[in-house]
Structures are given as structure tokens and as C-alpha cells.
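> Listed here are the chains, written in short residue letters.
4 protein chains.
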Amino acid sequence: MSDVSDWWRTAIIDMEPGRIALRGHPIEDLIGNVSFAEMIWLMVRGDRPDDAQARLFEAALVAAVDHGPQAPSIAAARMAVTCGLPLNNAMASAVNMLGDVHGGAGEQAVELYHHVENAGGEIAAALDSWIAQRGKIVPGFGHRFHTPVDPRAPRLMALVAEARDAGACEGRYSEIGTGIEAELARRKGRPIPMNIDGATAVIYAELGFAPPLARGLFCLSRSVGILAHAWEQTQQGGRNKGPTPPKYRWTYDPD
Amino acid sequence: MSDVSDWWRTAIIDMEPGRIALRGHPIEDLIGNVSFAEMIWLMVRGDRPDDAQARLFEAALVAAVDHGPQAPSIAAARMAVTCGLPLNNAMASAVNMLGDVHGGAGEQAVELYHHVENAGGEIAAALDSWIAQRGKIVPGFGHRFHTPVDPRAPRLMALVAEARDAGACEGRYSEIGTGIEAELARRKGRPIPMNIDGATAVIYAELGFAPPLARGLFCLSRSVGILAHAWEQTQQGGRNKGPTPPKYRWTYDPD
Amino acid sequence: MSDVSDWWRTAIIDMEPGRIALRGHPIEDLIGNVSFAEMIWLMVRGDRPDDAQARLFEAALVAAVDHGPQAPSIAAARMAVTCGLPLNNAMASAVNMLGDVHGGAGEQAVELYHHVENAGGEIAAALDSWIAQRGKIVPGFGHRFHTPVDPRAPRLMALVAEARDAGACEGRYSEIGTGIEAELARRKGRPIPMNIDGATAVIYAELGFAPPLARGLFCLSRSVGILAHAWEQTQQGGRNKGPTPPKYRWTYDPD
Amino acid sequence: MSDVSDWWRTAIIDMEPGRIALRGHPIEDLIGNVSFAEMIWLMVRGDRPDDAQARLFEAALVAAVDHGPQAPSIAAARMAVTCGLPLNNAMASAVNMLGDVHGGAGEQAVELYHHVENAGGEIAAALDSWIAQRGKIVPGFGHRFHTPVDPRAPRLMALVAEARDAGACEGRYSEIGTGIEAELARRKGRPIPMNIDGATAVIYAELGFAPPLARGLFCLSRSVGILAHAWEQTQQGGRNKGPTPPKYRWTYDPD
Chain A
1 MSDVSDWWRT AIIDMEPGRI ALRGHPIEDL IGNVSFAEMI WLMVRGDRPD DAQARLFEAA
61 LVAAVDHGPQ APSIAAARMA VTCGLPLNNA MASAVNMLGD VHGGAGEQAV ELYHHVENAG
121 GEIAAALDSW IAQRGKIVPG FGHRFHTPVD PRAPRLMALV AEARDAGACE GRYSEIGTGI
181 EAELARRKGR PIPMNIDGAT AVIYAELGFA PPLARGLFCL SRSVGILAHA WEQTQQGGRN
241 KGPTPPKYRW TYDPD
Chain B
1 MSDVSDWWRT AIIDMEPGRI ALRGHPIEDL IGNVSFAEMI WLMVRGDRPD DAQARLFEAA
61 LVAAVDHGPQ APSIAAARMA VTCGLPLNNA MASAVNMLGD VHGGAGEQAV ELYHHVENAG
121 GEIAAALDSW IAQRGKIVPG FGHRFHTPVD PRAPRLMALV AEARDAGACE GRYSEIGTGI
181 EAELARRKGR PIPMNIDGAT AVIYAELGFA PPLARGLFCL SRSVGILAHA WEQTQQGGRN
241 KGPTPPKYRW TYDPD
Chain C
1 MSDVSDWWRT AIIDMEPGRI ALRGHPIEDL IGNVSFAEMI WLMVRGDRPD DAQARLFEAA
61 LVAAVDHGPQ APSIAAARMA VTCGLPLNNA MASAVNMLGD VHGGAGEQAV ELYHHVENAG
121 GEIAAALDSW IAQRGKIVPG FGHRFHTPVD PRAPRLMALV AEARDAGACE GRYSEIGTGI
181 EAELARRKGR PIPMNIDGAT AVIYAELGFA PPLARGLFCL SRSVGILAHA WEQTQQGGRN
241 KGPTPPKYRW TYDPD
Chain D
1 MSDVSDWWRT AIIDMEPGRI ALRGHPIEDL IGNVSFAEMI WLMVRGDRPD DAQARLFEAA
61 LVAAVDHGPQ APSIAAARMA VTCGLPLNNA MASAVNMLGD VHGGAGEQAV ELYHHVENAG
121 GEIAAALDSW IAQRGKIVPG FGHRFHTPVD PRAPRLMALV AEARDAGACE GRYSEIGTGI
181 EAELARRKGR PIPMNIDGAT AVIYAELGFA PPLARGLFCL SRSVGILAHA WEQTQQGGRN
241 KGPTPPKYRW TYDPD
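Residue numbers (the numbering used here), protein chains in the order written: chain A, 1 to 255; chain B, 1 to 255; chain C, 1 to 255; chain D, 1 to 255.
Since the hints were derived computationally from the structure, they do not count as laboratory data. In this text the structure is predicted, and so the values were computed from the model without any measurement. Ideal Cβ placement from N, Cα and C applies to all residues, glycine included. Hints are not guaranteed to be accurate.
What the hints assert, rightly or not - Each pair of labels, with its calculated beta carbon distance range:
(1) P17(B) with R186(A): 16 to 26 Å
(2) P17(B) with K247(A): 49 to 59 Å
(3) R19(D) with D6(C): 32 to 42 Å
(4) S5(A) with A52(B): 39 to 49 Å
(5) E122(D) with D51(C): 23 to 33 Å
(6) P245(D) with P254(A): 30 to 40 Å
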């Protein structure tokens, strides 16, 4: 019997009939007393944020909820609904899409910031070694749609500056992020501004989240937009809606 | 060209290069100014909650984040990680599990409350007609593990009472829920107390969310526990962990 | 220990170190000796098909492998690849889409044939009672794209006729299917021909598969097209490809 | 309009109303004339296998259909069913699990064989450089459960030998595989025999499939076992079955 319970173990939740404790706190003490954002922090990390940390964390979660139905994840949620899926399956179909290319950019940007930090903070050299190892797409900078600038990034960076001034974070990764932005502009001869992934990565790095959690927290955040779009599609109806109307034909391209 | 853009439409998000508006609000006005819970409400419904509504809504989201790894969803997230999946795919595998039986109880409980309301509020008769149509498992009441009572439900119901006294909701569905609880106790000769699904369904019904959103919001809430467990498993390591250790053998039961 | 192994049980597979038996057959006796289609039948049902049954079964599996990237499942697989997902996650994203509306039509068509059979075979009356209970979309008949006729259906029905003449099936459901087709034509004043779902449903019903397996087997069959498209997209590359090019804008439709 | 159709393109399928061609073949010519395994080959590659190739390919597909419910994928399918999911969602939940660690071993084994080949076939040195780059777990060899030997591997390797003798393949990767097996035994002082992933990788490499397709084809193959188990669980019933019975408690391990 010990074998079975030892096979899996957790420090997140402890239960007995009639009792649920999350990270050591009885659930009834949490309900009504912590915000949803604070609860996310507590569950993922085990401790609780102070008010300034919670405010910055919440801003990152709010910023990434949606980027419209051109994003494959949102499109997938809406298509799923027209295939007859209930909301849980539609949401899963969409979150599944948040892979290395779509939802992973924030994770990669935190890794990039750590890479620069570990390289001693010499941005140009650190960027060279990153590109040599990871390729020329620098995660967190530039946007194929938002020119000149992704409106979410400057707003988030202003909140990071406020938080730093209030002592809630050190501002080290904020400096690294703006340093990379400047270096990229210098190299390209035009601005390659920080985007949502680069800015939320600054926040998650400042707050001490490990890189994979930048992806995980993005999944939580984007799940909000996914739910909203899946529900809107549910109300609109439609059956088996593919990406384009049936009369459009994908290009057939014989080998 | 009009055909393609007419094939899909949305009132949630409007974008131009450099501009993102969610439900008509520029994203930079929302970031730092609304809580994550308020953002969820805004995205799903289009309007904004008042403070008392937001507080009650947040309590429901906090309450359902986790019920431990015996729940198939949480187990799936942890197994997925040991199969080598990153967090987005692990979370999707878990949310997908929140089907009619697992994540759908809250939705069904809202439907039950609406059914009782539409039947004129005569609980015993309405319960009979519900059972005749939907079967004998009454959603939102009783718990196979938590005896005598699911500790989340009374705490949530106390917050509903506070909200009603503050004028944030009418208390109609709270009355229906406690009425069903009393009727079930009378029929069974022992308490069949309201559980987490029954209590969050009271809140979502009081706040005017349609039944499928009780499932959708549960998915958002449980995604928090899913992420926490997936991340804990990532840190623990393990490869291809099935439900039981390899030396345990499932019962082979020849036809 | 008995509790744990009793919690789950199976008659499909029995294993010891060094030994694997599927449905009672050592795996090494099956490899090289049964076709993939026969293996599917054996695993799902426990017995083995005769040659004529296997041939008919295989035809149904071959017929449904793909219907192009306008189908939401195939589109989802391709989008998933451009989000950076490996083939297993891309395939899962796609199979998940095969819900009640997309992949469930075959299941519903088998249910319809059983309904007609149980109603005594009087087609017009049985169709009326089906529509009263299940709605006006008759599963398995008509096609929004293939006019005048879905080319897969007549070919499959010809194979059913051959199989019936060879004694491999009774032809009862084939008769019911063509009877429904005739009745629908009479009611509408124009042909509403049997489609792929209606024709594979005839085959699965003739071969004695329960209705949900018509959906399950469709998922296996369509997984082939899903894999082919996911792989083609992998080779083409592309990043974060949504349903339409970024310059197309979904219609924004303020409330 | 050209933009939209150019955004996606395919060489797999071409359709007009009333006409479906797969890889250039009208669907009605394929139905009843090609086996399901041949159809898989045609769809994925565009050409058709000869009889000896088809036989070897089919053996690999048959061999990997199931490895019991201790495998996370099969367990996930069964848990999904008890959460109320229909077969498509249960299958998707399971296939999603076939990640780098679970379903990716065959892909990695093909990569290993190519690595050895590209290194000039000097096994010991090539194995050293592989381990230096990819870590000490050598994909395709050894099994934590099947001792002394995974019964599927020798049977598959015997079929490869037959196919080579018949001229259907060259036997180059078969030699590499057995060479690695011998080198591992020499290093460890005990047999580390080829397992199912190593043996199917030999076959897929001999037949010219790219490494990612070893994973994709494994997903198709294992989908058969997934469907069988999901359907068996559907027939058994059960609600919200987690990995262990509710009375077993996962070890709580406070930080």
C-alpha cells in the first residue's frame, strides 16, 4: 500500500474527508480573502505575493488574454465549438495549440534574459551567443502585425518601472530587456520593439518565475480569451466551420 | 474578400496595427486597472461587474482551483508531464477531461436551479420532474469523499448571503439551492449537503451567467490547480508514470 | 493490493515480463499474420472477422481518411504544426475536433438505422418519430459540398451489395439506408443522397458494431488524413498560421 | 481571393463537388482496392508500396497497438471516458500523451540509426557522440518491464530479415540496430535488448520514413489500443475514476 501512495506525491494539496488545505491553508480561509491572481501565485509557488508583486503579476495576466481570432488558438476554439464540442473540449483544443511557436515565446524570452544575465550582462556578445545557439528569431521582440509598436508592451514596462520604484522588484530584467531592444534597433537600423511576450517575460523574470511558468501563466491568461471566443461562437451557432468558407478551395499543388 | 471576413465575426476584440481594443476598451486602459477576475467577467460578458459582484465572482473562481490528484484531470496533467509534454499540452490534456461527469456538474446544477425556478419554485415537484428527465444523480449535492460536508460550500454560501444583504444579488438561487438540500435530506433521511458544484452554481446563477459558463469558468479555475500540479511534476521528474507503479497489474478479466 | 488492481480491469491485454497477449493471442503470433484492419477488429471486439467481413470493414476505413483542409479537424492539425507542436499533439488537436457535429454523424446514422429497425421498418413513420426526437437534420444524408452525390457512398454501397451476395452480411441496414434515401427524396422533391457517414454507418451496422464505434472507427480512419496533412505542413513550414492571412480582418461586430 | 487560397496549400487532396482525389487517385478507385495499411502509406508519402513493403509496414503497425493500461496514454483514455467524454475526445486525450518520452522513442531511434549511418557506421564512436549530445538513455533499447526481452522486437526483426532476403529492403538499419544492441551489451555486461521502439524504428528507417513519421505512425498504431480500451471502459461504466481508488491518498509532502 505504501508503494501506491509513494508512486505519486504532492506538496500542493492535503485532503481528508471534510478538509481541504492548499499549500497548508484551509480552503475556507482562502475563499473570499485572496484574489484569483493571488491564488494562482500561491498554488504555483507555495508562498504569497505582497501587494505590489500581486499588482504587477495581475497586469501580466490581464495583458495577454486575447489577440484575436487570427491566432491559431482562438480560431481552434471557435472551430471546435462548431464541431459540437462543449466548452471544456474547445478550451483544451485551443490551449493545446500554445506550443513552442505560439505560447512558448514568453518562456524563451525569460530564457534569453537569464542567458544575458548569466553572460555577465554584456548585451551584444550575449545576443550573439544566443543567436548562435537558438537561431535568429529573437523571442519577445518585433511583431508581424503591430507596427510601430505592440500597445501592451510600453504599458507593462511602465508598471514595471513603478514597481521597481516601489521596491517590489529590482529592475534587472527590465534593464536587460530594454538593452536588447536598443541593441536590436542598432543592428537593424530600425526599431524592433519589445512585444507582449518580451514584456510579460520581464515581469515574470522580475518576480522570480522559472521560464516554463511564463508559458504556463500565458496559457492561464489566454484561456480567458479562449473561453470568451468559444462562448461567443456557441451563441452564434454554425456547423463544421473550417478556416475558410466551403466555396474557397485550398490551392492544390501536385508534387 | 467580404466573404472571408464575414465567415467569422466577433464583438470581443477589434485590432488595427498598434491598437487592441477588448470589448471596446483599449488594452492599455485595462492593464493595471482591472483585476484578473474583472477581466474574465468583461471578456465573457462584455460589461463590468460592480465591486460586490466582482468579490463574489472571485470567491467562486478561487474555491475550485484544485481537488487533488485523485481527480482525473489533475492526474492527467501529471502523467502528461512524465510523457515529456510541455505545460501547454499538459494543461490541455487535463482541461479536456472536464467533461459532463467531471467539470459539467456545475453547469448541470445551474440548469437544475433554472428548472426549479421555471417550475414555479415548488421544490419537491420540480425535483421529481428533473429526476424523471435527467436521472437520479442530482448535480451539485453530495460528495463521495467529503463527509459530512464539502468545506467549500458553506463558506461560499456565507459569501452569497453577505452579497445578498449588500444588494449585489437577489438570493433567489441561493434559496432554491438550500431548498433542494433540505428536500434531499428529507427524502434520504440523512444530509446530502451541497458541494462545490452546487455552491458555485448558486453564485454563477445569482450573477446571471448562462449554464454552460459554469463549466467554462470551472475550467478556468481548475486550470490553476492543473498548472500547479503539472509544474510540480515537472520539477519532480519521472518518465512515463502510469496510474499505478509497473509492478501492480490491472486485473485481467477474460471475457 | 487487491483494491488497487480491482479499481481498473481489462479483458484486452494480459502481460507478464516477456509476454504480451492481446485478446488471448500472443503478440508474436499476430505480428506478420493479421492485417492492420483485422487487428483493429480484434482489439475492439475480441473476435476475428472472416475474409469478406474484413474486406468490407477495410473499405469503410479507407473511404473516410480525408475530406480536405476545409474540414475543421484537418485545418486544426495544420495550424497546430505551425504553432510548433510535434505530430502527436497535432493529431490529438485534430481528433479532438471530431465531435457530435463533425465526427459524430456516422454514430448518429447507425442510431437512426437501429431506430428504424426497432420501429418495425416502416420508414416514413420511423423517420417522423426520429425527427420529432432528434431534430430535422437527418444524419448520413445530403452534403453541403458534394452535389449531386458524394462519390464515396455509391462505391461503398456497391461493396455492401457484393458482401451481402457473398453471405458476409444480411443487407438489412443497407435496405433501411436506401429506404431512408428514397423517403427523403420523396419528401423534398429532389435527391438527398446518402453521404460517407450514411454509407459507412450501413457497413458498421451490417457488421454489428455499436453506434459509438462508428465514431471511434471514423476517428481511426480520419487520423490517417490528419497525419498526412500534419506532416505535409511540417515540411512546408510556417509559423502561427491562423485560418486567414493576417491582413484579412475578422468582422468586428460591436454589440 | 488568390491570397486566401495561397495561404494554405496541399498536394494530398483535390476536390470538386462530386469528385475527391487523394494523391491523384479518385477515391472510388481506392475504396475496396487498397488495404488500410496501403492507404496510410499512400496518404503520407504519395506513392504506393510494393507487396513486400506493405507486409513489413503492416507488421510494424500491428505490433504497437497496445501495451496495457499502465501506459499513461491508455490510462488517460479510460479516465477520460469516466469523465463523460465521447470516444473522439478520449482518443485525443490519449494521443496527446504520446510525447517525447512516451511516443517519441521510435522517432529518436530512427534519428539514432541515421546518426550512426552518417557517422560512417563505426558503432562505438557514433554511440559515444550520440550520448554526448542527447543523453545517456539510448532510445529503442532496454525495457523496464519486459525482461529478458520485449517479445515484439525479435518477431519484427525476423520479418525484416525475410523482407531483406526478398529484396524489399537493404537491411542497413537492421545491421545498425543489431550493432547497437551488441555494443550496449558489451558495455553493460548484460543484454540491453532492442525493444518495440527500436524494432519499429528499424522498419520505418528501412522503408524510408523520416524520423518524425515513426512517431506519427506509432500514434496511428497505438490509437487502435486507445480506442479498444476507451470502448471497454465505456461499457464498464464508472464515474470520475482517478488513477487510484479514492481511499488511497497520494503522499502529501510539505515543502
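> Each of the hints needs a verdict: does it hold here or not?
Status of each hint after checking the structure:
1. P17(B) with R186(A): 16 to 26 Å: holds, 24 Å
2. P17(B) with K247(A): 49 to 59 Å: violated, 29 Å
3. R19(D) with D6(C): 32 to 42 Å: violated, 54 Å
4. S5(A) with A52(B): 39 to 49 Å: Holds, at about 43 Å.
5. E122(D) with D51(C): 23 to 33 Å: Because 49 Å falls outside the window, the suggested range is violated.
6. P245(D) with P254(A): 30 to 40 Å: violated, 57 Å
The structure fails to meet hints 2, 3, 5 and 6 from the earlier list, while all remaining hints are met.
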